[in-house]
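Novice: Protein chains in written order, with my numbering: chain A, 1 to 218; chain B, 1001 to 1291; chain C, 2001 to 2200.
Wrong hints could be hidden among the right ones.
[Claimed, not checked] Capping the alpha-carbon separation at 30 Å, the derived lysine-lysine pairs in DSSO-like fashion look like this:
| id | chain 1 | residue 1 | chain 2 | residue 2 |
| --- | --- | --- | --- | --- |
| 1 | A | Lys79 | A | Lys8 |
| 2 | B | Lys1196 | C | Lys2137 |
| 3 | B | Lys1133 | C | Lys2137 |
| 4 | A | Lys8 | B | Lys1133 |
| 5 | B | Lys1203 | A | Lys79 |
[Said to hold, decoys possible] Each pair of labels, with its calculated beta carbon distance range:
| id | chain 1 | residue 1 | chain 2 | residue 2 | range |
| --- | --- | --- | --- | --- | --- |
| 6 | B | Arg1227 | C | Ala2184 | 18 to 24 Å |
| 7 | C | Ala2181 | B | Ile1035 | 21 to 27 Å |
| 8 | C | Arg2196 | A | Arg19 | 22 to 28 Å |
| 9 | B | Pro1040 | C | Thr2139 | 50 to 56 Å |
| 10 | C | Val2110 | B | Pro1245 | 55 to 61 Å |
| 11 | C | Val2022 | B | Arg1275 | 52 to 58 Å |
| 12 | B | Phe1098 | C | Thr2139 | 42 to 48 Å |
| 13 | B | Ile1280 | A | Gly42 | 20 to 26 Å |
Hints were generated in silico from the structure; no laboratory data involved.
The beta-carbon is built from N, C-alpha and C at its ideal position, and this holds for glycine as well.
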Amino acid sequence: MAAHPIIKVENLARRYGRRWALAGINFEAREGSVVVVAGRNGAGKSTLLRVLATAIRPDRGTALVGGFNVAREREDVRKITALLSHYSYLYESLTARENLRVAAEHLGAGRNGLMSLLERVNLGPRADDPVSTFSAGMRKRLSFARILLQDPRVVMLDEPYGQLDPEGFVLVDEVVKELKAKGTTILMATHQLERGASLADDTIHLEAGRIVHGGSPC
Amino acid sequence: MPRRYPYVISSALLAVAIYFGLAVTYVDQYLHADISLGLPVAARTLIAVLSGLIGAAIYLAADDLKSPRCANRLIFTGVILMLIGTWFGLFVAPPEEFMGDVQRIMYVHVPTAWNGLLALTVAFVCAIVFLFKGDWKWDARMEASIEVGVVLAFLLCVQGAIWAKPTWGVWWDWDPRLTTTAVLLFAFLGILALRKFVDDPMKRAIWSSVATIIAYVDVPIVYFSVRWWNSLHQLQSNPNTVSKPFWIPLRANAFGILFVMVGFIMLRARIASLRLETEIAPPPLEFGEAV
Amino acid sequence: MMAVFVFGAAALLLFSFAVGPVAELLRQFSAGFLWLGLLLSSTLTLAESYHAEMENRALEGLLLLPSDPRALYYGKAIANWLQLWILGVALTPVMVILYDAGTTRIFALVAVIGLGTAGLSAPGTLYAAMTAQVRSKQTLLPLLLFPLIVPALLASVKATSLIVLGDPMGEIKSWLTLLVAFDAIYWSLCGLLFGRVVEE
Chain A
1 MAAHPIIKVE NLARRYGRRW ALAGINFEAR EGSVVVVAGR NGAGKSTLLR
51 VLATAIRPDR GTALVGGFNV AREREDVRKI TALLSHYSYL YESLTARENL
101 RVAAEHLGAG RNGLMSLLER VNLGPRADDP VSTFSAGMRK RLSFARILLQ
151 DPRVVMLDEP YGQLDPEGFV LVDEVVKELK AKGTTILMAT HQLERGASLA
201 DDTIHLEAGR IVHGGSPC
Chain B
1001 MPRRYPYVIS SALLAVAIYF GLAVTYVDQY LHADISLGLP VAARTLIAVL
1051 SGLIGAAIYL AADDLKSPRC ANRLIFTGVI LMLIGTWFGL FVAPPEEFMG
1101 DVQRIMYVHV PTAWNGLLAL TVAFVCAIVF LFKGDWKWDA RMEASIEVGV
1151 VLAFLLCVQG AIWAKPTWGV WWDWDPRLTT TAVLLFAFLG ILALRKFVDD
1201 PMKRAIWSSV ATIIAYVDVP IVYFSVRWWN SLHQLQSNPN TVSKPFWIPL
1251 RANAFGILFV MVGFIMLRAR IASLRLETEI APPPLEFGEA V
Chain C
2001 MMAVFVFGAA ALLLFSFAVG PVAELLRQFS AGFLWLGLLL SSTLTLAESY
2051 HAEMENRALE GLLLLPSDPR ALYYGKAIAN WLQLWILGVA LTPVMVILYD
2101 AGTTRIFALV AVIGLGTAGL SAPGTLYAAM TAQVRSKQTL LPLLLFPLIV
2151 PALLASVKAT SLIVLGDPMG EIKSWLTLLV AFDAIYWSLC GLLFGRVVEE
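So that you can see chain A by itself, here it is in the shape it has in the complex (with noise of 0.2 Å):
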């Protein structure tokens, strides 16, 4: 529908010392779409998230989010944008609820609301223990917490589903309804076809860093 695609990226490559984790790829995303990355381990969706979520810069091509270029602006990139990450991003020392105060106060958001989002992601009876003591699903969950705490336009979710239990999986596609109802973009990376497949409008894959699949050609 809309004459602007939220993410366009044209030949965009990044290496990490000699190998291409993206060597080169294309494809557009409407606003408001469900895009599911999806490929093998070591395919390069993440590299693709991170340098769309301006993480790592890309070594060549352009990509465009929300009309920003993610190499040169990325300030204004970073304020549309929430990357859910492998990198929990979360102070060890601290608690659940003092890490997102961290974010809060970083994004000038308020204190108040940190508690139903916790609540939001069935971390509300360990609101006040440190992160060191939480499971990896946990630290998922808050850090899902954190996302929606940035109220983005664009979310990245690298392997959302992983380390959660079929309860957080729920938890997951509920959120992301959610977000799809407000209008919020998402690219998700997952090799969890099955649960991603019902959710997504479109669907890429990746092979050694180029998509062997879907996409908008260019």
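Fit chains B and C to the known structure of chain A by using the hints.
Specialist: Chains B and C only, in chain A's frame:
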């Protein structure tokens, strides 16, 4: 071929520098003729210094890091100038009034100091240009000029020690200039070590640029702090290098070291850029034709 | 923090063995020893200062929020500064006891330690951000930092020893000016450059 213009211009500038800096003085002193075109001494010196610096700068900036030919020519010219300077310094110039033959080390010491500082200034400029433009050539040039600057700073410390022993009776005199050089030497060695420890080319380039800027800004502060710190010592008088018989060896060496330094930086930058090329080469095969 | 203090105190004790039990000499060198001890301890605290940020890449998380890298830098640098300042003040009694280098100008001494540690922590915080991401950070941080902070070290040692040994000529003012200038330059320059260092 428009790429040739910079070389023509910079070679002309360097020729002008040698003409006004060296040839005029030589002809005046030994052939007793005036080829100064009526320019006073101050103007000639200014022209020589400026055109030398600008010529060297153009050489460095215009070099595409592809062929070593220009650099080789510069080094060749520089070596000849240094031979001339050495000859005049050792055999033609009279021994200095107070310090005698020891003084002759000034003919290399002072030009080394000028050019060492100049090499690090080049590194500083490269660092700033890289941070603003992100062009890899400037990273290669920065690496090259830091290395050459470190070598010159090391030579400077050694020469300083050689000079201090017969003059002051000690190897190290805590003279502010010499001490500043030693501090600089370690500061930039640290940056070279940093470059060795970082594998990612982008991080390496940015971090070493940042470190270079920080270290360079430190130069005057270190100098003044050491000077105050050491102010109980009587400040050493400037070795007498300004009177006429000393001009030719001093200037010939100054230009000689300048040319060799610029040539070395160009050659070393070429090596760095070849390495960078493999590090940042484009992805293989169907790059650009995905989907 | 306690461990670093003990390390610094142990260093002060060891320095005195380099001179021998000559009270007059020890008093003469006390300021230099204090600052060397502080400098050695500072590499420990600075190198550790990004530990919490590097564990789960919390620093990257903060940058993506987005937050201003300058704010992150100044937050970190001020934290490092206060830590070193406290450490320096805590080491002073050790210096007084070991080297018999007492003074009544407590306030001036605390101020000098504050200015000097500010000079250590401004570039120290920046370099620690680099070396925290690099293998063998313990070597690299002092290698980069020590030559750089020579002016701050000189000025601090001089000012401290003028306080301890007496200042008949009123020289301390020029050293304090140098320290303030060093601090001003590096607190602003490092803040400007920090963004480039932590951005990937």
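Novice: Please work out if B/Lys1133 and C/Lys2137 have their alpha carbons no farther apart than 30 Å.
Specialist: 29 Å, holds
Novice: Mind checking the hinted window 20 to 26 Å against the Cβ distance between B/Ile1280 and A/Gly42?
Specialist: Since the Cβ atoms of B/Ile1280 and A/Gly42 sit about 21 Å apart, the hinted range of 20 to 26 Å holds.
Novice: Does A/Lys79 pair with A/Lys8 here, judged by a C-alpha cut-off of 30 Å?
Specialist: 17 Å, holds
Novice: Could you see if the CB distance from B/Pro1040 to C/Thr2139 stays within 50 to 56 Å?
Specialist: At 55 Å between Cβs, range holds.
Novice: Against the range 55 to 61 Å, how does the distance between the Cβ atoms of C/Val2110 and B/Pro1245 compare: consistent or not?
Specialist: Once the Cβ atoms are compared, 58 Å apart, the range 55 to 61 Å for B/Pro1245 and C/Val2110 holds.
Novice: Return holds or violated for the Cβ distance of C/Ala2181 and B/Ile1035 against the range 21 to 27 Å.
Specialist: 48 Å, violated
Novice: Would you mind confirming whether the straight-line C-alpha gap from A/Lys8 to B/Lys1133 stays at or under 30 Å?
Specialist: Within the cut-off at roughly 25 Å; holds.
Novice: Return holds or violated for the Cβ distance of B/Phe1098 and C/Thr2139 against the range 42 to 48 Å.
Specialist: Given range 42 to 48 Å: holds, Cβ gap about 46 Å.
Novice: Would the pair B/Lys1203 and A/Lys79 pass a check requiring their Cα atoms to be no farther apart than 30 Å?
Specialist: At roughly 24 Å apart (the allowed maximum being 30 Å), A/Lys79 and B/Lys1203 satisfy the hint.
Novice: Is B/Lys1196 close enough to C/Lys2137, meaning Cα to Cα at most 30 Å?
Specialist: 12 Å, holds
Novice: Taking the CB of B/Arg1227 and the CB of C/Ala2184, does the distance hold inside 18 to 24 Å?
Specialist: 20 Å, holds
Novice: Do C/Arg2196 and A/Arg19 keep their Cβ atoms within the hinted range of 22 to 28 Å?
Specialist: 25 Å, holds
Comparing the model with each earlier hint shows a violation of hint 7 alone; every other hint is respected.
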